[in-house]
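Using the hints, position chains B, C, D, E, F and G with the ligands against chain A.
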Amino acid sequence: MPAQLLLNLFIAFLWMTLIDEDELKFTTFFAGFLVGIGIIFFMHRFFGTQFYLRRLFKTIKLLFIFISELTQSSIVVLGQILSPKLKIKPGIFKYETVLKSDVEVTMLSLLLTLTPGSVVMEVSPEGDTLYIHAMDVEQSKAGLIKQLKNFEKAIMEVTR
Amino acid sequence: MTITLSIFIPFLAAIFIPFIYKRIQNRHIGWFVIIVPIALFIFLASFIPSIANGSTYMHTIRWIDSAGIHFATYLDGLSLIFALLITGVGSLVILYSIYYLSERESLGRFYVYLLLFMGAMLGVVLSDNLMMLYVFWELTSISSFLLIAFWYHRKKSRYGAQKSMLITVSGGIAMLAGFIMLQSLTGSFSVREIVATIGQYTDEPLFLWAMLLVLLGAFTKSAQFPFHIWLPDAMEAPTPVSAYLHSATMVKAGIYLVARFTPIFGGEAVWFYTVSGVGLFTLLVGSFNAVKQTDLKALLAYSTVSQLGLVMSLFGLGSVALQHGYSPDSVIYTQATFAALFHLINHSTFKGALFMVVGIVDHELGTRDIRRLGGLMAFMPITFTIALIGSFSMAGLPPFNGFLSKEMFFEALVNARNLEVFSTGTVGTLFLVVAWIASVFTFVYSMIIVFQTFFGEFHPERVEKPSSEASFGMLVAPSVLAIFVVGIFFFPNVVGNYLLRPAMTAIYPSFAGAEGLVPHIKAWHGFNPALWMTIGVIILGTILYKLIKYWRGVYTIAPLRWNLDTAFNAGLTWLEGGSHFITRMYMKGYLKDYLVYIFTFFIVAVGGSILWTGSYSFDFTDNSPIAINEFLIVLAMAGAALAMIFAKSRMTAIILNGVLGYSIALLFVVFRAPDLALTQTVVETVTTALFLLCFYFLPEWKKERSARKTKIMNGIIALSAGTIVTVLALAVQGNKMFESISVYFEDAYLLAGGKNIVNTILGDFRAFDTMLEVVVLFIAGIGVFTLIKLKTGKEDKDIEDQ
Amino acid sequence: MSVNEIGEFVGALLILLGGIASVISVFGLIRLPDVYTRSHAATKSSTLAVLLTLSGTFLYFLFREQFVSVRVLLGIVFVFLTAPVAGHLLVRAAYRSKVKLADISTEDELHDVLYKIESENDGTSDKS
Amino acid sequence: METLITVLVGLLVTVAVYLLLSRNLIRVILGTAVLSHAAHLLLMTMGNGLKKGSAPLLGENANSYVDALPQALILTAIVISFAVTAFLLVLAYRTYKKTGTDDLHALRGFNDE
Amino acid sequence: MIETMLTVSLVLFSITILIAVVRIVLGPSMPDRVLALDMIGVNLIAMIAVVSIILKTKAFLEVILILGILSFIGTIAFSKAIERGVIVERKRDR
Amino acid sequence: MMNNIIVMPMIIPLLTGIILIFLRSYTKTQRVFSILSSIATVVVSLVILNRIQHEGILRLDFGGWLPPYGILFVADSFSTLLVVTTSIVTSILLIYAFSSIGKQHEHMFFYPFIFFLVAGVNGSFLTGDLFNMFVCFEVMLLSSYVLITMGGRKIQLVESIKYVTINVLSSWFFLIGIAYLYGTVGTLNMAHLSVRVAEVGQGPLLTVISLMFLIVFSLKAGLLLYFWLPGSYSAPPTVVAALFGALLTKVGIYAMFRIFTLIFYHETVITHTVIGIMAILTMIGGSIGALAHNDIRQIVSYNVVIAVGFILAGLAISSEVAFQGAIYYLIHDMIVKALLFLIAGTMIYLTGKAKIQEMSGLIRNYPMLGWLFFITMLSLTGIPPLSGFISKVYLGQGAIETGSYLLLAVAFISGIFVLYSLLRIFLNSFWGETIISEDDDVPLKKGMLVPCVLFAIMTVAIGVGAEGLAPYVSDAARTLMNPEIYIDAVLQGNR
Amino acid sequence: MRINDVILRTVARIVVFIILTFGVELFLSGHNNPGGGFIGGLVLSSAFVLLYLVNDIETVRKGIPFDFKKIAAFGVLLAVGTGFGSVLFGEHFLTQAFGHFHLPIFGITELSTVVLFEAGVALTVVGVVVTIILTISEDV
Ligand code: NA
Ligand code: NA
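Protein chains in written order, with this note's numbering: chain A, 13 to 172; chain B, 2 to 803; chain C, 524 to 651; chain D, 473 to 585; chain E, 49 to 142; chain F, 10 to 504; chain G, 116 to 255.
Extracted from the complex, chain A is given alone in its bound form:
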């Protein structure tokens, strides 16, 4: 994968030297980079690995999942704060994740924590269990776990 990036940069640089006679410009480099992307996308099977920008698309997908979750739960929490009577039942629950690497667990935790109504309190020393504080355990635990699964899947698409 880094090989693809290096190659892409090389193409861009080559492009730049080919196009510009006397002056070096960033815009030319960028254009060369785009050209490189195209070339590598066509050729990536020869490397025996995935096209390296595929992750980008997956990441963007993850981002959108996140933003939608964020908006939904934000509204829920804002509503809870603003409701004349506090009707919440907060609590801590345990969630065992299928994710393995540090980066994956971190990403999951960040996303979960960013969405309102839940905070990751602890990660077990082994890194496979998250302890989560939820704003309203009784009502949203099921929803939260669904959200977690959603995130797990999206994350794995990016990282694996």
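Treat the hints with care, since some could be wrong.
[To be verified] Restricting the straight-line Cα-Cα distance to at most 35 Å, the calculated cross-link-like pairs of lysine-lysine (DSBU-like) are: (1) B/Lys649 with D/Lys570; (2) A/Lys161 with C/Lys623; (3) E/Lys139 with C/Lys623; (4) B/Lys792 with F/Lys37; (5) A/Lys158 with A/Lys99.
Keep in mind that the hints were calculated from the coordinates and are not lab data.
Below, chains B, C, D, E, F and G with the ligands without anything else, positioned relative to chain A:
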């Protein structure tokens, strides 16, 4: 030139003595030392004829030219008398000391001090420049200090030395102030120039101050009441020292000063009353106290005090002659001065001899206590003879020189009674009575010396050593002095014509050559009042001496028992105790107190002057508008700040400080200061981190248990400080007087090639500040490292460990 | 209205929304019963607020001055990255420093795990 | 604005002085910190007026700029007060470790002879 | 219009800060206070952004980023202090 | 014309300090390098002093930026005399440090801090910019903070907390004083400040602001606000105490002279009267304090206080002669105070005791030390022909000329207290029965004695050879008396 | 239960690089934009502070085995040295020179001795801040 050199010779000798002392083994070092005074005496004596003919010698070496301070020597009749006394008596004292001091003593040190003193004393009497005089004046105090404490392991020696040093140096400092005033008046430090021009300045208020200050110097040095208290304690010095410094020479420096300054200050009523009054009173006090002494040396010390008083008073009386300048009528008053000079010489001879006698007694018997002594005449005939001559001369009996000068003293007093000037009438009579009473006591103690020591029964068990006559060598010096005592009685006019005449001319320049300035001294002058007074003294004195055990009780009567010494000691103790008390009162060691002092000073000085000068004119017209959000932020900051005071935990306070810091960063943004906002943010964070780093180790805050009153006081101080800062700032904002220089920096790009003005100021216009600021930071960094890592091994003994 | 003006308006609107979100979240900070619930209000709602504001700012500069502010973008990424971490750390610190959960809390699956092991540790250290 | 900030400065000074007069070392150090905040703000108000002009960056082509000199001075002052605070804090820390107290009443020094 | 919106949001942010200060003062627990401080930091970022728009300058965009970085660092330091007392360990013991 | 040489008295120590950081583990090299560079500083400053005699006041515009916009160093006779003395005193004290401070300190950057301190001190003397003076002060102060705590004994820590806090406070006053002044007249260059203040006349507001500076420099100098001084000067190692005693208060005094002769000299009725009263109270307080204690270090420290009052009496009098006196006294005091502190420290080192009643008869075992102390005592009392004398004469003249009799009286009487306080040490500790037998006494290292002897020689030399200094001193006093000389030199051509 | 800092450490790894880059950028752009040696240095040191907060001292020391005191000293030397450099060229102490140079790749570039000066400042700041924090932390 040679005269100047004569001052230096003793100093030079003093430098070499320690080296010689190390080299020689079998010869007393004194034999080398004695060469110096003898040579100098001969040298100075060679000037007698020319000086008697009216010559004077002057020589100047420039020293601190810009200040008019020169090394100017001046030899005239007055200085010559003193110079001869210094070297003459000096020679005899050293001769005496050779036998008196054993080789076990640290003689090197002794003679160094003695030579230092001799040089200093010569310097005093030969100086023309006041500053040079002062130099040597203090040097005599110092060498005297060293000599008194020669046996410094004795507590009493140290005490005596300290006392003399404190009193004489203090007087010296006063005198210095007086000298400087004289210079300010006349523009010169030269005595001769001042004498020449002083007439124009006598009406200035400064003139009087200068006079009193100079007199303070003279009185302290010459042990005049109430400064005489140092002299008896100075007797802790080895006897040769007492004979030399504390009878013959140093104590006469004050007399010299008065004589020297008579042409300047004489003729003033204040001078007359002060000098003669203090002199007479000292005479009375000294003689009265001498009688009760049981230590022979102490007795001599008090006698010296009284004799110095006598001489002093004579100079006072003699100054009257200058009141209207020269006239044939006023010459008569100069006789007092003549008597003073004459008695000065006489006193040196008989008192020197007496001190040496006491030294011999002490040396041979191991005690000087009159109550233990008696009957020494039998085995110390020569010593007895000398003592007799000395004492009788002191008592004013013929055929000894003391008689002559004593008679002249009485005559002067009688003359003074008739004085028209200064409306002396009744005071003159008082003077006369005082003098006469004092003379009676003088007679009594003189008799005590002779009779209680040498007559009566000898009790061997009361003395420490077996008794015998002193060695020949020890007797030489006092004998010579005794011969002078007798000799001067028979040939007084030799002294009068060759030594006193030029001295009189020096003191009364306007009387030079006047008829009767130098009278013909006669032992027999008919039955005049003075003689009757002497006879009275003898009769009453004899009676009092005989009946002494019946009236000794008066010394225990309250006012007479009171002792200035006790007062002095109490004063010092009180001074130390009081100082300790006061210092402890405000130097408690609490940081808080110190800060309170500082803020109080700030509030009083700055706040007070704001109110006093009314510098609180405000002008709010130029204020920028406030947005609501800015106001709210300021409100938040105010809240955070106030909350810091009441914060119950340390971390809360730290957090609140963080709020302040970050909010200030926002204010910097509002005020268009991006660089500041950036710096503030980072610095605040790092500071907070540091607080937390150090925080862990500290215990949780305890509630301040300060009293409510303290809290209110603190609050008032804090509020006042805050108010003053604000008021002053508002006043400044309303009173901008100039445009700032910072307009210049707006050309930063042209000048320094940078578009960020602040950065160009920091990196270029004021790069030096930045460089140093980096250094400050660096020092702090390395300093923190050192502070934590350097732990010296030894632990707090509260003592320097390195 | 030109495209730029619309862009600017959207930017300002986002900022205003951010302001409102911020006030609401601070309302939560006052209102909610314990530090854990407050942390929800603080870390998330205010993160949302700042994200809205920064996005608005980004848009504003983009449309107003045709200026792509990398710093603002970086700022957004940064807040995204750090805000949850900060929240997580704080809540953990609170729990480990034994700040009590509010009474209305219903379950606590962490308590036993954390303190059972700790007391075991204490036991071993006593023996040694 | 100037007046508002000046009053704030006065308040900060008041708080700082009150903290300085306390018995607790950390409070004293916090006092010095607040004191320097106040000084920096005060310096700010001493320029040619707050908010009058643009940030002193020539690249922005404004008509007038705020006074840059006080800003430079404050920057220097901030760094210096940071250095001093750091040292003072460590000093307090070290003193506490050595003496076991941060109560200034217990830290009198020479006078407890 | 835009101007008003911006001003209003500035006021809103400063109200947030003001209330957060109240939370700091009230506590009750230390994490509460740090939370409020963190919130103040975040809101300051927002305010600076808005001020930049109002002043039409890019001069303060750096400050936004810096403030983000540092309030993060500050919060870490505080939570470590609360959690473990020590904020920088010599050697991680467990 | 290029006057880069006048930055050298600051830059040489600065660079030396930095380079010594890298030489941490090479003690010998550190020493050699230290002494060489401090001698170089002496030479350079002497060269500057003489150039001023020929060329008048020298100035160096940093970065070539003309005053009042840039920062500059200004070397006039007054400042340069102090720089020279500082450099000499430091060189001699370094010799003492070599044999006394110990490996541990040397390994912990002791010499760098000394050099930073000197850099700060010299910078403060030379700078022509008020804010830069603030920064130079900080360089000096930070170094002093470190030096006073070095070793970390309890007493050091406790005293330095007070010292640091009070100095932080005074730096704060300095900063807001600068703020006010800048707000009012819009400039920082001292000569330019003088011009502007003169132009509007020193009104009430400016007078009030000047009092802010009075507070700052009084704190630094120990004028009336001296309570921090005795404790903090008693705590550090001997060399450091000597350095403090000799240099630190002098910087405050210098600044006071500079500010109140160059800028705020219009309203003497207020400012100089206040200074006079403060000087009197300082002398009294110092005198009382010097008698109040039995601890040598305290006695010695209060003697510093007395001297401060004495010198500033010269400023209160404010005549050319009085200035001369004050300048002579400054030089004298730097040397003799260093000597006094060294001797006191050596006594404590030798006996392990600090109270006068606990030591006795030292002169038998250490005669040289005893006589050095004796000379010091006399010199401080103002006994001629030692160095304290001439200043006393000049100050007296100044006081009399201007009718400041109270100042005169207190100044001269304080001399007696100096004498008495030191006499107590001499009589109790040097004289008296020898307690230590000659066998088990601590040997007095040559390296400790030599610096003392050098200082003693200097006090004699300055006293006897006062005329040699006269042209410099009178030039300095003339410049102080006539601010336009300084102003012309700084703002030549661009006023 | 042992503390698992996985989230913090993972994020910090990224954040540190952002801060470092930003710090260098601030340092370089200081002459024309907000920033400069001080701020750059401060930001760089805050990156180090973050490293120490997240990891322990020994770990960081293995990764960055510098003596920060020496770095600071070198910084000061550089700052003072640039001042001295101008003396060698016969200019006033601390005279900064700047000019526009044609460099390969960068084109017309403004080069200024101020950069050296500022680099010294930045190095000092980094060295000092890290030294202080390390020293205290090690003293536990
Ligand atoms: Na003693
Ligand atoms: Na003793």
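Of the numbered hints stated earlier in the document, which are not met by this structure? Hint check: nothing fails, all pass.
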